[in-house]
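Participant: Those sequence lines, one after another, are chains A and B.
Numbering of the first sequence is given in my numbering, commencing with residue 123 and proceeding in unit increments.
Numbering of the second sequence is given in my numbering, commencing with residue 12 and proceeding in unit increments.
Mixed in with the good hints, there may be bad ones.
Cβ-to-Cβ under 8 Å is the rule here; a few derived chain B residues that face chain A [as the list claims (entries may be wrong)]:
#, residue
1, ILE76
2, PHE78
3, ILE95
For the record, the hints were derived by calculation from the structure and aren't laboratory data.
If you're wondering where the values come from, they're calculated on a predicted model, not measured in any experiment.
We put the beta carbon where it would ideally sit given N, CA and C, even for glycine.
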Amino acid sequence: MKVEQQIPRNALVWIIISLFTLVLPHIERVPHWVLSVYVLSAIWRVMVYRGRWSFPRWPIKLGLIFAAFAGILFSYRSLIGLEPTVALLLAAFAFKLLELKERKDAYVLLFLGYFVILTEFLFSQDLLIVLLCVVNVVLVTTALVALHRPGVDSFSTRPLTKASLMVLQAMPLMLVLFFLFPRIGPLWTVPIKSQQATTGMSEFMTPGDVSQLSRSSEVAFRVEFDGAIPPRSTLYWRGLVMSRLRENTWSALDYYEVPARERRPQEPQFTGVPLRYSVIMAPTQQRWLYSLRYARSTDAGILNAADYRLFRPVIIEDDLLYRVTSWPAAQLEERLSDWRRRTELALPPQANPRVRQLAQSIAADAHDSQEIVDAVLTLFREQPFVYTLQPPLLPQQDPMDAFLFDTRRGFCEHYASVFVIMMRAAGVPARVVAGYQGGEVNPVNRTVIVHQFDAHAWAEVWIQGQGWVRVDPTAAVSPERIELGLEEALAGEGSFLADSPLSPLRYRRIDIINKLRLRYDALTYRWQSWVVGFNADTQLQLLQRWFGEFSARTFAVVILGSWALVLIPVGLVLLLRRKVHKLSKLDRLYLRFCDKLEKRGVTREAGESPSAFASRAQHQLPLMARSIADVTQRYQRLAYAGTDDSDRELDELARAVRKLN
Amino acid sequence: MNTVAGSATASTIGLRVRRRFRAWINRRIPPSRVTTLNQRRIFIFPSKAGLFYALCMLVMLLAAINFQNNLSYGLTFLLFTLFIVAILHTYANLSGLTIRAVHARPAFPGQRSEFELQLERSRRGEHVGLRLQWPGGSPVSASLVDSDSLRLQMHLQVGQQRGWYSPGRLLIESSYPLGLLRCWSWIDLDLHALVYPRPLASAELPGLAAETPDGAAVLIEGSDDFFGFRDYRQGDSLRQIYWKGLARGQNVQVKQYVAYADRSVWLDWEMFTGLGTEQRLSHLCYWVLQFDAQGDEYGMRLPGVTIAPDCGERHRESVLRALALHGTGEPSP
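Using the sequences and the hints, build the whole thing.
Facilitator: What follows is the structure, given as structure tokens:
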């Protein structure tokens, strides 16, 4: 192997460092055995470097590859999909270290490293993760620089300085490209994140199924209102509308289950002042979006369902930014179609007989739907119902009977479910709405942060002349839940965030932590709205705002202009500083002396030492021998001996050179 | 027939192109003993690794488009602009480097000569991972990081022809810092190695001309008979210094020795009448080496050149030089 193809020890160190930092952001996602592959590979490679072990032969390599495939298959039950592919890539990345012999292997490894950074972005675009990834870009580049500094056998940070500088210089140009590069749609379909657990709200609701509701402090979505933020008790973020009860489980109707003529929502009366806001929601692996009623969005790819909620035909796999306009006062569905009425009144015939009986007796005494609603809410308010996140389990058979007459402890799902069953039994069209209620206002940037623990379920009833009206039975039981939020409602129980001991939200009573948390949240929002949510539409708006009508010519001018703005100074710094070849005064004097001798026919050869030159010159110019010796001696003393009074001696040397004629 | 004619024209075209290129590069980078690399002299192009890198970027761009992932776009663009910035850095690594021809050792035909170069860096920039190579030679790598200059000895086989051997243009290249681009220059250092005639043995020296009478004392350094003292001159061997005298506080003196030269030989062009020029030179060369090995004195008479009898390394070199340059029109010593 040629010397220049070898991998310097310093480069090997940097390659191993970058290998481990590259896997760091993936750590919570990949199976643990992948990490042991990294450790094993690194140890093996170091032992090879020290000459103790040898590179693995091909049967061992083949065995390792098979083992990796088997491991992936065992861990994920599949080889297809994004997560197994990335895990496989990470394992292969570590194995490549065992093949690292010469420079071209290092190229393959390090370029693969850049690709590993990219795969992280497919899972998370969190600000901190992105910062870590920038560090990783610098480290991979450092390893690349170290690879081209031959013969460096001790650990050196010089490549790190160089790589940081280069990445720093590349950043502004990257931003220009980022904002100007035309965004086009996907060219073909790509593997989806099959293994990702769905987060947030579930598609189904079975009250009494779980005895303990665990709610995390993760952010579900953030909202920025164009105007003032409405009071939190009115912030009912509708997500799913559950119209069907089957085997004690509420679920939404699928698109194809709705008859074709019912699929388009009825246009409501646009009354009242509209609210305009934008939402950035975390990926849910689901299709529905959250909005206040009655919501409309002009964004591409967002549709309106017949039950007045927003959804997307494709699964939400990444952070999603969308703009919404809502008319909270609009009257929804003035006329109820027969199909809709049938659907919203349907009840399983046998289940919960006592609840139905009670509802029918209430209905018998009431004059209209509103009275029925009020009577049931009064029932909740006056009877000893308790709002708790730790309700007892309910029986499989007639769970709502057990809840309403026996246990009387539950959370929003229980109350919403029993309320809707009673409404339907009493002949009032009703349905369960699942979503989030309230949210935290961040004073830093006036966004509303909606956490997972804000998840809520309530009811909608259809009343003649009013359309669909929101009724929240939980508010009747526990008004604090709606007015003040979950934390206040559970102040006595202590179950708030019981599962997230490290969440900064738990410590929001400590002022500094809370301020930091809100600042970081504001930063995240800004990051998401600018970078993550950047798409063809926002790009066009931005470019039109900056440059007016945007044409191909302005595009070229902006790209070239901004690049010249960055590259010319960088080039000048790199190249011009070499031109400023300043000789010291001492060297200038000596060169003047050489010039003078050259005019007399004695030229100093390249590489000739001053003393050798002096003796030759003395030989050829015997008349000047003394002054030549004098100048040379003075020069040598100043250059090599280092005198105390160099200024005076320099002057004397200058005089001696001047006298030379 | 066609193919033969075709290949013939192809080769003449190739020849013409090569000649054109040589003329162009001679204009662009004229021969000089000292060359500082600058924008006229440096060429730059993506390396193989750079093309591979471009392929990786393409794959990443496709991933960014297909996943509609803004940060992947960002990363791809960062790598692209890193490539652009690397152009400047790679170029700057070579720019400002000064290459100075120091000397080239004489050699016999087909042997390896030593070419010595000096690399000097510009004041603040460093030059890392340089690779220098003569055509037909093996590459030498060098870095100028902490020192200001560096001497490089490069060994290269010289041609079969006596006279001045020109090694061609020196290739100097580097792909530091990222290896994505290769930056290079071909410089002509105007450095030539002297190639002596090939020594050719002949049975005996015809018509040996001994002019100095036997028994005359001739000062020869390195002999064994003491002759006297003289003052120290630069270049005298340390072994000959009269240390005892120096210890007594006298001037630095050296002891002189004499050998009684039994013969002092003239090597004459006319000794080998009837042979061709090259053959004569080869025989003369052979005998020069013979006498030199024995430590004998010898002189040389060539048409137009006469070198008085002497011995020693310097003498041998000047004699061999005269032989090497005979008839080339170059000035002899």
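Participant: For every hint, state whether the structure bears it out.
Facilitator: Verification of the supplied hints:
Here the hint on ILE76 (chain B) is kept, as its CB sits about 6 Å from the closest CB of chain A, short of 8 Å. Taking 8 Å as the C-beta cut-off, the interface hint given for PHE78 (chain B) holds, the closest approach to chain A being about 6 Å. The beta carbon of ILE95 (chain B) comes within 7 Å of a beta carbon in chain A, closer than 8 Å, and the hint placing it at the interface holds.
Hint compliance for this structure: no hint is broken.
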